[in-house]
Amino acid sequence: MKRLEDITLLGQKIANDDQLAYRQLFIHFYNNLFRFVMGFTKNKELAEEIVSDVFINVWRRRKNIEEIKNLKLYLYVSAKNITFNYLKKLHRENLANLDSVEIEPEDPFADPGAAMITREMNSKLRAAINSLPPRCKLIFKLIKEDGLTYKETAQLLNISESTVENQLSIALKKIGGAIRFIFRHN
Amino acid sequence: MNNQHSPSHNQFWSLLSKKLAKEANPEELQELHFILLNNPDLHHQADMLTEMWQQETKTNRSEDEAAYMRHIMKHKDEFFVEENTEETNDIESGIEESNGVFRSLFKRKSLTIFSFILFIILVGGAIYLFTQKRTVALVAEQAISSVVTKNGSRTKIVLPDGSQVWLNAGSNLDYNNSTFNKELREVSLNGEAYFDVTKNPEKPFIIHTKKMDIKVLGTVFNVRSYSDEKIAEAALIKGSIEVTLKDRKDQKIILKPNEKISISNEEPKAEKKPEKITSAKANPVRIPQFEVNDLKPNPTYNIIGEIAWTQNKLFFEDETLEDIGLRMERWFGKKVTIANESLKNVHYTGNYENETLEEVLLSLKLSKTFNFRIGNDNVVIY
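As given, the protein sequences belong to chains A and B, one line each in that order. The opening residue of the first sequence carries number 1 in our numbering; numbering runs sequentially from there. The opening residue of the second sequence carries number 1001 in our numbering; numbering runs sequentially from there.
Don't read these hints as lab results, they were simulated from the structure. Among these hints, one or two may not hold up.
[To be verified] Negatives, chain B to chain A, calculated, CB over 10 Å:
id	residue
1	S1014
2	A1021
3	D1196
[Said to hold, decoys possible] Quick look at which bits of chain B chain A covers, simulated, 3 or more residues with Cβ under 8 Å:
id	region
4	1152-1160
5	1368-1375
Glycine residues also receive a C-beta, built at the ideal position from the N, C-alpha and C atoms.
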């Protein structure tokens, strides 16, 4: 489902009023969009309302859905725009920027027992990820967890592709540094 | 530590990032490989980061499902598939649109003259009735609301009294906007629906189907009455319902929670017993043409078959491929034909949630084999 073709196919079905396809799209993207929005709003109810707005717009405009070239990117861009509009309305413009975003990436290893990962390493990794600068952490999360491409990330955040590339490699270098440290001490 | 900051190391992180993000081209992959060959100290980090990157992100399906339900409920008006088949009246349209209900109108010219005459009568009547505040009800006198689901799609609706109805694929539910919730709450159903009826003993809720009428005061239950199926049934989850069969109106059958009634959907005179009634364990009532049985969850899947569809599950329990074909036809919205007679009576059990039509068929043929061919809008099993 991460693949664009499948999402495009869902879009076509939704254009034909297929509520099952709509549900599938919602379920597939809800959590990731919710957490993306949460990074800006820091408020669960508001984040849920925004994601709900994103999807109801998809339903309302379903007849034109096939004009959207990249539905996945569209969902994220629309989530970002609605979020920023909300924050402006709430007179919190200062929060609507990438450097104040507080993203909470998932645990590096959801089930540390399964991989050959010590609990210590897992918490070191988490600490390293959490200590990344906001924008860097957001880019790391969007590419790793949300499966966005460099190009999509750049378009979503209005930055250049080379910035995305740099930020991701800075993120990996820092996280890698934490691993290296543990390795030396073992 | 020093060489961590050397140009080749910076290059390493950039290349590793590209590889993990699937952005690397073959040359870059080769370059990364070369750097790793020359820097064994980077292997461990590269392996660990790769493993971390490939971790499945954990998803909480039930959380997402719950969020979806809240989303649908919040915008419930937009998920009506409302097709008013019996009206073109502008006044009515105005009323409905002001409710913000999504709708697609079928314009019918043949009704225009009738509507016009009705309009004249209404204007006269309205003056008289104005003080009694019943104008709107009368204007909407012929407002039949019809909620229709096509094959392949299901919908949830909320009726004016707050009762919730989940309408399965290929079904329609009609009610009269103007009389509904006045003295009675009456709806007609062709197909399958799961009802959660708001309690109101003053205004009984009645569901008319081809073979039976079901009267309830406030309860949760499932009704299945597709005209092309052999059996019609009503399954009660909680509360109580009173069933009246169309061809024996004097007799009322009261269902208790976790019971279901099954009725032959075939035309009368064919006095044969319904073919497909299974699990005839407890049978409090036994009269030809219908049976009452206990609802029992399937032990393997822990699912009550009758209401599995409301949880978005396509579930069948020891059903013939012929019946399953009909179910799949509605579920997936593709015409299913069984070209080989001998397959029609083969029995299958299965539980599917997000599987595609092809995946369901592949899984079924694992237990007892058959061939199939999926076309654009049809499937042939042979």
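Now the hints, each set against the structure:
1. S1014: violated, 4 Å
2. A1021: About 5 Å separates B:A1021 from the closest Cβ of chain A, which leaves it inside 10 Å; violated.
3. D1196: Fine: 19 Å to the nearest Cβ keeps B:D1196 off the interface.
4. 1152-1160: holds (count 4)
5. 1368-1375: Our answer is that it is violated, as 0 residues pass the Cβ test (under 8 Å) against chain A, missing three.
In summary, the structure is inconsistent with hints 1, 2, 5 from the numbered list given earlier, while agreeing with the others.
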